[in-house]
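J.: Sequence:
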Amino acid sequence: MSHAERRASAGGWTAGEALESLSPLAVALGLCALAIALTLCLRAPIPVDETRYLTVAWDMWRSGDPLVLHLNGEPYAHKPPMLFWLINAAWLVTGPQEWSARLVPALFLPLSVFLTFRLGLRLGDRRVAGRGALVLASTSIFAFMGASTMFDAMLTSAVVLALIGLVRAARGEARSGWLIVALSLGFGVLAKGPVVLLHVLPAALMAPLWVEQPQSWRRWYLSLLAAVLGGAAIALAWAIPSALSGGSEFANELLWGQTSGRMVNAFAHRRPVWFYVALLPVLLFPWVFTARLWTRKVVGGLWQSRIWRLPVIMAAGSFVTLSLVSGKQIHYLLPMLPAASLIIARLLSQSGATRDERGFALMAALFGAALLALAALAPWLPATFPPVYAAPALLLIAAALPLWALRHALWQVVPAFAAILAIVLSLEAGMGALGAFDLRPLARQIDPARPLAFVGGYQGEVDFAARRTGRVDVVTQQEAASWRKAHPEGQLVAIFRDSAPDFGAGKPWIARYTNRYIGLWPPMAATGDAEGDAPPAGRR
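Number 539 marks the last residue of the sequence shown (numbering that gives the first Met the number 0); no jumps.
FYI, nobody ran anything at the bench for these hints, they're computed from the structure.
Here the structure is a predicted model, which is why all the values come from computation and not from measurement.
Do not rely on the hints blindly, as some may be mistaken.
Claimed, not checked - Here are the simulated SDA-like pairs of lysine to any residue, each with C-alpha atoms no more than 25 Å apart in a straight line:
| no. | residue 1 | residue 2 |
| --- | --- | --- |
| 1 | K78 | A250 |
| 2 | K78 | S222 |
| 3 | K484 | N514 |
| 4 | K506 | I494 |
| 5 | K327 | E252 |
| 6 | K78 | S22 |
To be verified - Derived CB-CB ranges, DEER-like:
| no. | residue 1 | residue 2 | range |
| --- | --- | --- | --- |
| 7 | G456 | V276 | 28 to 34 Å |
| 8 | R305 | G72 | 52 to 58 Å |
| 9 | I45 | V276 | 34 to 40 Å |
| 10 | L221 | G469 | 33 to 39 Å |
Every residue, glycine too, gets a C-beta built ideally from N, C-alpha and C.
Take the sequences, apply the hints, and build the full model.
T.: Next up, the structure:
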């Protein structure tokens with residue numbers, strides 16, 4: 000048992016120790032606030048995911064229907080409703096504003112950090128709790144992806160809260176602990192679906208490995224079953240009325256396609272089982288490069304404390320389970336990062352290293368400045384040069400240099416937070432400077448009162464940004480010209496690589512879109528051509 004654990008079991012902490020744990024928490028929350036501010040100020044909603052979810056929330060706002068989600072006039076059963084409920088609740092105060100909609104999911108970033116701190120306290124080590132929160136907030140992927148208009152930060156908060164409930168139940172607070180687990184599972188299902196169980200159940204089912212006090216395991220597993228059923232009841236309180244209201248096809252997709260049907264299809268997807276292993280350096284940057292953490296003595300000491308096996312089991316269980324599912328994205332692993340951050344913080348506290356890391360601070364500052372300069376130069380770079388996509392690779396190369404860095408004392412690991420700040424700033428500024436993912440200029444050219452068609456496919460990219468209220472038609476490239484003739488007052492959008500297609504009269508408005516171009520063809524009934532920018536010569 001560590002010194003911190005003995006102090007926790009003896010009862011109470013001094014004011015100085017409490018302040019020492021709260022200081023890194025304050026820094027961590029400050030980093031979260033800065034990541035959110037950078038996201039909202041420097042980066043547009045990224046298509047197609049973020050723009051689609053804003054459109055679904057916009058459709059809910061217009062229809063006033065909180066039960067059945069819609070996208071482009073069709074029932075949308077691919078995601079549960081919690082994010083859209085919360086966005087609409089925010090809009091009751093601010094009106095349908097982009098900033099408030101994007102702020103709602105981003106606020107779960109600091110909430111996840113705070114709950115990670117609380118979980119660390121429950122595990123019995125204030126110093127590790129504070130440093131764990133700081134490690135989580137400074138993990139590059141968490142800071143970048145957690146502030147996105149997506150579901151993963153919400154799911155992360157639900158998972159950490161469920162772990163807190165498990166610890167409470169294991170330490171004699173069974174009633175409140177299992178209630179927290181049930182509510183967390185219900186919220187998690189409404190946030191992102193049954194995937195919350197993949198993150199929570201491994202730790203709950205393997206409780207005999209980490210619970211300190213003797214338990215009636217029959218009662219434990221019956222309580223776990225009751226908590227799972229309670230969480231399911233919370234989710235079904237929405238799902239059943241929604242299925243009844245949306246019709247049989249929607250009900251089948253919602254109740255079947257989102258559970259067993261989706262899981263079966265997921266195992267037939269693309270990415271190999273080692274995909275997440277290859278991404279671990281990016282996922283845990285910069286902490287994975289702290290060489291002294293991964294010695295046999297330090298890592299072996301982690302398993303000696305039973306209660307600290309909980310984050311190990313949770314992180315390993317989530318990682319292995321999700322690796323076996325073929326459908327993989329790096330942000331799917333965000334819910335395991337709090338447990339991984341507490342593990343890293345615990346290892347830092349056990350490593351006993353005390354070297355001065357001012358050299359790393361200088362290196363991080365210089366490298367961050369170089370990335371920021373690269374982002375500022377983005378508008379003048381060739382279209383084939385991908386500074387945003389290249390940034391993670393450059394970061395990994397640079398991180399290989401200061402392998403001696405990142406020791407356990409707070410003032411010595413602060414340079415890591417400066418490095419992460421430079422990373423997030425450069426990525427956010429790079430995407431903002433490129434403008435390649437920003438569809439808001441296109442939305443400003445769209446008249447919401449006119450008919451609109453997209454060539455090839457449409458996933459709600461501009462409905463919210465343009466504040467459209469009508470349905471968007473989807474046509475093939477061969478049908479585009481005839482659609483314009485049938486709708487002379489309508490506008491048409493198409494994405495292309497080289498020269499703009501010929502869809503009849505009118506000069507299209509053209510802008511960069513990722514590594515391609517996007518064009519808006521004006522109404523054929525217009526008296527003049529719409530003004531726009533032709534693709535620059537020599538850029539593809």
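J.: If a hint holds in the structure, say so; if it does not, say that too.
T.: Going through the hints against the structure:
1. Between K78 and A250 the CA atoms are separated by roughly 13 Å; this keeps the pair inside 25 Å, and the hint holds.
2. Taking the CA atoms of K78 and S222, the gap is near 28 Å; set against the 25 Å cutoff, the hint is violated.
3. The suggested pairing of K484 with N514 is violated, with an alpha-carbon distance near 30 Å, which exceeds 25 Å.
4. Taken as a hint, the K506 and I494 pair is honoured in the structure, with Cα atoms around 15 Å apart against an allowance of 25 Å.
5. The suggested pairing of K327 with E252 holds, with an alpha-carbon distance near 21 Å, which does not exceed 25 Å.
6. Straight-line distance between C-alpha atoms of K78 and S22 comes to about 38 Å, which puts the hinted pair past the 25 Å bound.
7. Hint check: G456 to V276, Cβ distance near 33 Å, so the stated range 28 to 34 Å holds.
8. Between R305 and G72 the beta carbons are some 55 Å apart, a value that agrees with the proposed interval 52 to 58 Å.
9. Under the hint 34 to 40 Å, the C-beta atoms of I45 and V276, about 26 Å apart, miss the expected range.
10. Judged by the Cβ atoms, the range 33 to 39 Å given for L221 and G469 is violated: they are separated by roughly 53 Å.
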